[in-house]
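Q: Next come the chains, spelled out residue by residue.
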Amino acid sequence: MQQVADALKRGKRARPLFDPPIVRRALIDSFAKLNPRTLAKNPVMFVVEVGAALTTVLLFQSIAAHRPGWGFDFQITLWLWFTVLFANFAEAMAEGRGKAQADSLRKAKTETFAKKLVNGKIEIVPASSLRKGDICLCEPNDLIPGDGEVIDGIASVDESVITGESAPVIRESGGDRSAVTGGTKVLSDWIKIQITSNPGETFLDRMIALVEGAQRQKTPNEIALNIMIAGLTLIFLLACVTLAPFAQYAVVSAGAGKVPGLVVLVALLVCLIPTTIGGLLSAIGIAGMDRVMQHNVLAMSGKAVEAAGDVNTLLLDKTGTITLGNRQAVAFLPAEGVTAEELADAAQFSSLADETPEGRSIVVLAKEKYGLRGREISALEAEFIPFSAQTRMSGVNMHGRAIRKGATESIKRYVLQSGGVFSQAVSEISDRISRDGGTPLAVAENGRALGVIHLKDVVKGGMRQRFDQMRTMGIRTVMITGDNPLTAAAIAREAGVDDFLAQATPRDKLDLIRREQASGRLVAMTGDGTNDAPALAQADVGVAMNTGTMAAKEAGNMVDLDSNPTKLIEVVAIGKQLLITRGALTTFSIANDVAKYFAIIPAMFTITYPPLAKLNIMRLHSPESAILAAVIFNALIIIALVPLALRGVKYRPLSAGALLRRNLLVYGLGGIIAPFPGIWVVDRVLGILHLA
Amino acid sequence: MTSNGWFQIAFFFVLIVASAKPLGSFIANVIEGRKTFLSPILGPLERLVYKLCGIDPAQEQRWTQYTAALLAFSAFSCILLYALQRLQGFLPFNPQHYGAGSVSPDLAFNTSASFGTNTNWQSYTPETTLSYLVQMAGLTVHNFLSAAAGLAIAIALVRGFARQSIKTIGNFWADLTRSTLYILMPMSLIAAIFLCSQGVIQNLHPYTVVTTLEGAKQIIAQGPVASQEAVKMLGTNGGGFFNANSAHPFENPTPLSNMFEMFLIFLIPGALTYTFGKMVRDTRQGWAMFAAMSLLWLAGVVTAYHYEQNGTPILARNGIAVQASATQPGGNMEGKETRFGIADSALFATVTTDASCGAVNSMHDSFTPLGGLVPLFNIQLGEVVFGGVGAGLYGMLMFAILAVFIAGLMVGRTPEYLGKKIEQKEVKMAMLSLLILAACILLFAGASSVIPFDKGSYWNPPGPATANLTNPGPHGFSEILYAYTSGTGNNGSAFGGLNPNTPWYNLTIGVVMLFGRFFMIIPLLAVAGSLADKKQVPVSAGTFPTHGPLFVALLTGVVIVVGALTYFPALSLGPLIEHLL
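Respectively, the protein sequence lines represent chains A and B.
In terms of our numbering, the first sequence is residues 78 to 769.
In terms of our numbering, the second sequence is residues -3 to 577.
Please note that a few of the clues may not be correct.
Claimed, not checked - Per the computed footprint, the stretches of chain B lying under chain A, defined by three or more beta-carbons under 8 Å from a beta-carbon of chain A, are:
1. 401 to 408
2. 423 to 435
3. 442 to 448
4. 464 to 472
5. 530 to 543
6. 553 to 566
If you're looking for bench data, these hints aren't it; they were derived computationally from the structure.
We put the CB at the ideal spot given by N, CA and C, even for glycine.
The following block holds chain A by itself, in its conformation from the complex (with noise of 0.2 Å):
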C-alpha cells in the first residue's frame, strides 16, 4: 500500500521535465544571465562569453571596411552567444523547477492570524508579531501560525501544503508526533502550541530559501570538478593561442596562406574548452537537489546530497523500515492434545475486545487459517480482562470460560497458581519460538495451558533485494533495535541486512557512527526523536522524519516530508546518481574534443599545408563549414543534453567495476565516436543551406 501511494504521490508532484511556464521564465533568465559578473563564476562559460564578444567587436570592424566573408564571422558570432545561451538556459531551467515549487509554497505563507493565549485569554494577533515561546490555540479550519511543539490536546492536521500527502496526520502533545509546522491547517479537535521559531527563521521559510537555491553553495566535488575544467581550459587557451606563432612559421617556411584569424582560433578555443560540463555543471547539481525534493525529502545543503552517494554504511531503524510497524501473528502452536482450531479459537476470543496490532493479527489469522469469524463482541455477554503490567496478561471470561493469554512466563504462574497443569510441550514451543526472533504469546484456558501463538516482526516486501542491491554497490546496512540480540539476529537474517545493533540506546547508535566514521566510512541515518539527535548531528546524512521532534529536524541534514524511513535508500541513490551525471558529461565533454580538432585543425592550414587535407576524415566540404560545423555541433550538444543533466543518468545499483565499464563505454568511447556523424550532418545541412 505504501508503495503505492508513494507512487501515486511521485506522479503528482513530478513536473514534466519542460513545463511551458518554467521554460518561458528560463528563456529570460538566461539573457539576464548575460551580465559577466554572474558568469565570471563559471570560467568556461566566461571564457567563451569574452571570446563572444571579441568576435563581435572584430566582425562589426569587418563590416565597416566592407571586407568579404563577414557572413561566415557572423554565423561564428552568433553560435558563440548561443553557446553561452544554452548553458544560461540549462542552469535556469533548473532552478526554474525550484522556484516553481518555492511560489506554491509561498502561498502557504499568506499573513494569518493567530489566537494566542495570554493569561489563559485568548487574543487575536498577526502571525507573524508571534515570538519563540509565544503559545496560541489552534481550533478546525485555523492555520497553524507558526512552527512549534504542541503542549496540549490532540488534532488531526492537514499537512498537504508541505508534504503533498492529503491525508491529515495527527498531533498530539508529548511523544514523537508533537511538532507542528506553520501553514498546516487543523482539521479537527484542538491543540495548544508554543511556538519555536521567530518568523522568518520558519520551517516554511528556510524550505523556500532552499527550494529557490538561495542558499545554494558549490558542493566540495562541484568546486574541484571546476578547478579540474578551468585548468583544461587554460591548457586549451595555451595550445590555441601559440597557434598563431606556430602558423606564421608554417605560413613563412610554406610561403602560402595566412595566418588564421582571431575569430577562428577563438572558435577552436571555444569547441576545444569542456563547454558541455561547464555549462551543465550548475545545472547538475540544483537538478540533484531539485530530484531529492521531488521524493518529498528537504536537503538542507548540496553538499549533503553529495554525501548520501559516498555512504558506506546505512543505519536504519527495524520499526517500520525493514519490519511493518507492529509484529503479527503467524501460526497457532497447541500443546499435546489440543487441536490447533481449539487454541485458534480461544485465542481469537481472547483478542476480540485487544485492539492492539497484534490482537487484531491474532483474530484475523484465526479467521484465514481456521474460518473462524470474528463473533459480534456484544452479544457474548464477555467480560474482557485487559492487559496490566501486573498480570502481564489479558483475556476474557464468558459462559464458565476464563481464557488468557500473555507472556509464557506469566501464563506458567497463572495456570499453576489455578491448580493446572502447564505442559512441558508449551515451553519448549515458546523457546523455539524466541530462539527464531519471534515472540511467544501462550494461551490458557481454565487452568489448561492450550498452546502458544507464534507473533512474528514480519519483513517488508522487497527488503532482501533492496539490501542485496545495497551491498553490490558496496553499502553495508546495520539494522537498529531495542530487541534482544537473539530475536534482532534473527530478524537481521530474514532481511538480509549485514549487520544489527541489539538492544540500542541512543548512545550505541552514537557510538557506532564514530566507529564507523573513525575507519574512514561515511554513515548515513534516520531518526525522528529527540534522543536521536545527536547521532542525527553525527552522521554523514542524517535523515529526520517530518513527525519528528523539532531538535531531530535540526540536528540532521534532510528532513523527509513523508516520514518514510525506506527513502534513505532513495536518497543515496539520487547521490550516487549526481555524481555519475557530473562524470559522466565531463568524459564526455573531453571525448568529444578529439573530433573537433579533426575538423577544424585541416581546414585551418589547407592552404598552408594542402595534404593536411588528408585529416579531415569526415569530408567536410569546406574550411568555413567544417569549423562552422564545429562550432555549431557544440553549441547544440549542450541543449541536446540538458534533460540528461536535469533527469540525471539512469542509475543502475550495480558494483564499481561494472558501473564504470558501462559507463566508459557510452560516455568516453561514445563522447569519442559521436561528434564525427554529428558534425558531418551539421556541415551537410550548412551546404544545403548555402550557409558555408
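With chain A fixed as given, assemble chain B onto it according to the hints.
A: The following block gives chain B in isolation, referenced to the frame of chain A:
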C-alpha cells in the same frame, strides 16, 4: 620488421619484467630503513654520513620542510656546478687545458640547470669543452644526486598514499642518502665494470693523436667514461661523455652493451612500480601501473620500429631498398649505427624518451617523420612511461589522480584513489603541474618560431631565432618543438638540427628545465602532504577498482588523450604534416 628485431624488443621486456619485483622490494626495504644484505657493508657508511651532516634520519618532515630541503639542496648543488665549470681552468684533471673561455656564463647556467634537474641537455660538445674534473666531480656527481632526489620525491608521494592521518612525509636527507648509497652506487659500480668488459674506456689520459690510413691526423678523445656511463643510464640522466652520446663506440661499443644500457634506463623506474605497490600494501596497484606503462611503451616502440623499418615514400621512390634482407637492414638507416640496426635504434629512442633519460644511440632528427614523432610525443606525455628515476612514478601517479577524478565520478562516489579521497587540493595541484609543462613547451616554442633578433643583440646572432635551424619547413619546426619539449620534460635528448648554444636558447631552455622539474615537484609534494593527512576509506564493492585491466585502459587513455589534446595543433604542423607532404 625482422624476427630478430622483434626478439630484441621482447627480450628487453622480459628483462624489465623479471627485475621489477626483486629490485622493487629491495628499494622498499632500503627506503623504509629496513635491514638488507648490503646493510653490514653500507650501514656504517650511512651512519657516518648522518653523523657528518648532522642528520637525524628518524626526524620526519612535513611536506613544506621536505620541499624546502630539496630546493635548498638543488640550488646549492647547481651553484656549485656552475662555479666548477667557470673555474675549470684553475683546477686539476684538465689535460686538454680547457678554461672559462669554452664555457660561457649562459652555457654554464644551462648545463648546471640541466644536470641539476636530471635533464642532461647538452648545448656543448663535452669532449671539446669540459675538463675531466668537471665531468667527474660535477656531472657524474649530479647524475647520482639528481636521480636520488627524484627517487626520494616519488617515495614521499607514495608515503602520502600509504599513510593516514599523519602530517609528515619522510626525511628528505635520509631518503637522498639511502637512495644514493644503497641503490645507485652499488648498481653503478657493477654496471661500470660490465661496460668496461664490453670496451667502454675508463682513464684520465690526454687525448690520443693518431694518423689514419689516409694519412690524416685524428684526435681521439679519452676519459673516465665507464664511471659516468653507468649512472648516466641507471639514473636516467642521459648526458653523454662524448657529443655522440651512446652512439659513440667508447660509450656503447657492442650490441650487448646497447641492450644493457637500455635495460639500465628502465631498471629502476620499472622496479619502482613494485616498490609503490609494496608500500601501499597492495602489489596489484603497482602491477597496474606497470601494465599501463608497458602498453604505452609497446605502442611507441611498435610505431617507431614500423616507420623506421618501412622508410619513407621518398626513400622508396629513389630506389633505396627498404626491405630488410640478409645483407641489408633496409628501412631508414640514416643517422643510425650499423652495429645497432633499426630495431635497437627504434627501441633505444623509445626507451630513452619514455624515461626521462635522453641518451641517444641514433640521430632522432634523421628518423622518419612519424618515427621521430614517437620520441617527441613520449616526452610530451610527461615521461610517465616508466619515466625518469622517481619522476616516472610520480608523474604517472599524478595522471592516476586525474584519471580517477575524471572517470571515478562515474561509479557514483566522490573519487578516491588507494582509499584517499581526491579533492580540491589534489586536483588543483595536478592541473597546475600539467599547466606548467604545457605552458613551458608551447610558449617558448611559439616564441622561438617567430622571434627576430637585432644586429648586435646579446641573445642570438641577428635574424630570426629560426636561423639556428639547419632544416626548413615542418622539420625545422619539429626541431624547435623538440628542444623545448626535451628541456621541459627533463629528458635532455636532442632532436638535433638546432644550434642551441646561444644565450637565447641556453637561457630559455635552462629556465624551462628548472620550471619543468620544480613546478612539477612542488605541487606533487603538496599533494603528498595533503594525502598523508587524510583518512583511508576502506575498500568496498562500491569502490572504483584501480588494479584491473579497466583502470589500466583508463589510465593509458587519459595519458594519451590529455597529451594529444594539448599538443595536437603543434604536432600537426610538425611531424604530422611532414609525413603527409
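Q: Each hint should be assessed against the structure and marked as holding or not.
A: Against the structure, the hints come out as follows:
no. : hint       : in the structure
1   : 401 to 408 : holds (count 8)
2   : 423 to 435 : holds (count 8)
3   : 442 to 448 : holds (count 4)
4   : 464 to 472 : holds (count 4)
5   : 530 to 543 : holds (count 10)
6   : 553 to 566 : holds (count 9)
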